[in-house]
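*Asks:* Could you put together the complete structure from these sequences and hints?
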Amino acid sequence: MSTEQHTQNAQNSSGAIQLSVLNRQQQIAAGSMVVVAIAAFLPWVSVFGLSVAGIEGDGKLTLLAALAGLAALAFGTDVIGRRKLPQPAYVAVSGIAGAIVAIVAIADLNEFAAFGLYLTLFGGVAWAAALGWEFLAGRKAAAADAA
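The letter at position 117 of the sequence shown is residue 117 when you use my numbering, and the numbering goes up by one with no holes.
Just so you know, these hints were derived from the structure itself, not from any lab.
None of these values were measured; they are calculated from a predicted model.
The C-beta atom is built at its ideal place from N, Cα and C for all residues, glycine as well.
Taking lysine to any residue and the SDA-like style, the derived pairs with C-alpha atoms no more than 20 angstroms apart in a straight line are:
1) 60 / 45
2) 60 / 31
3) 60 / 38
4) 140 / 22
For each label pair, taking beta carbons as the anchor points, the in silico distance ranges come out as:
5) 89 / 48: 45 to 53 angstroms
6) 135 / 46: 31 to 39 angstroms
7) 52 / 135: 32 to 40 angstroms
8) 82 / 107: 34 to 42 angstroms
9) 112 / 38: 14 to 22 angstroms
10) 24 / 60: 29 to 37 angstroms
11) 57 / 96: 16 to 24 angstroms
12) 82 / 143: 23 to 31 angstroms
13) 142 / 57: 39 to 47 angstroms
14) 56 / 146: 48 to 56 angstroms
15) 99 / 27: 16 to 24 angstroms
*Replies:* And the structure:
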């Protein structure tokens with residue numbers, strides 16, 4: 001779907017959220033951000049039947065990063081109407097937030113890690129991969145347009 005079609009679809013929505021305007025990479029990134037946000041409330045550490053949710057520690061940071069990434073996606077695409085954030089700014093904000101998630105998850109891994117922390121890690125990696133894929137696809141499209 002072209003950029004004009006994305007813009008037209010979003011403008012025809014009367015302010016409604018239009019997830020259909022997201023490309024495949026953005027859909028994967030959005031899903032990964034939602035996984036990271038949910039994982040913040042799940043157990044990150046479990047020892048002898050006792051567990052601690054991520055939100056009681058570094059999960060607060062990953063939750064904020066996921067929310068920042070979702071906001072950047074919403075304002076950097078035509079999801080909530082006309083794009084309000086330039087593409088480079090969306091990629092930068094989302095990339096930094098995704099890197100924070102991955103770094104926090106890797107730093108917190110230990111022998112007592114529980115499934116919430118693993119979901120955070122996998123969500124952060126999928127988020128970064130989707131963003132890298134989108135960046136490379138954008139460069140390829142720009143090169144094709146220039147030729």
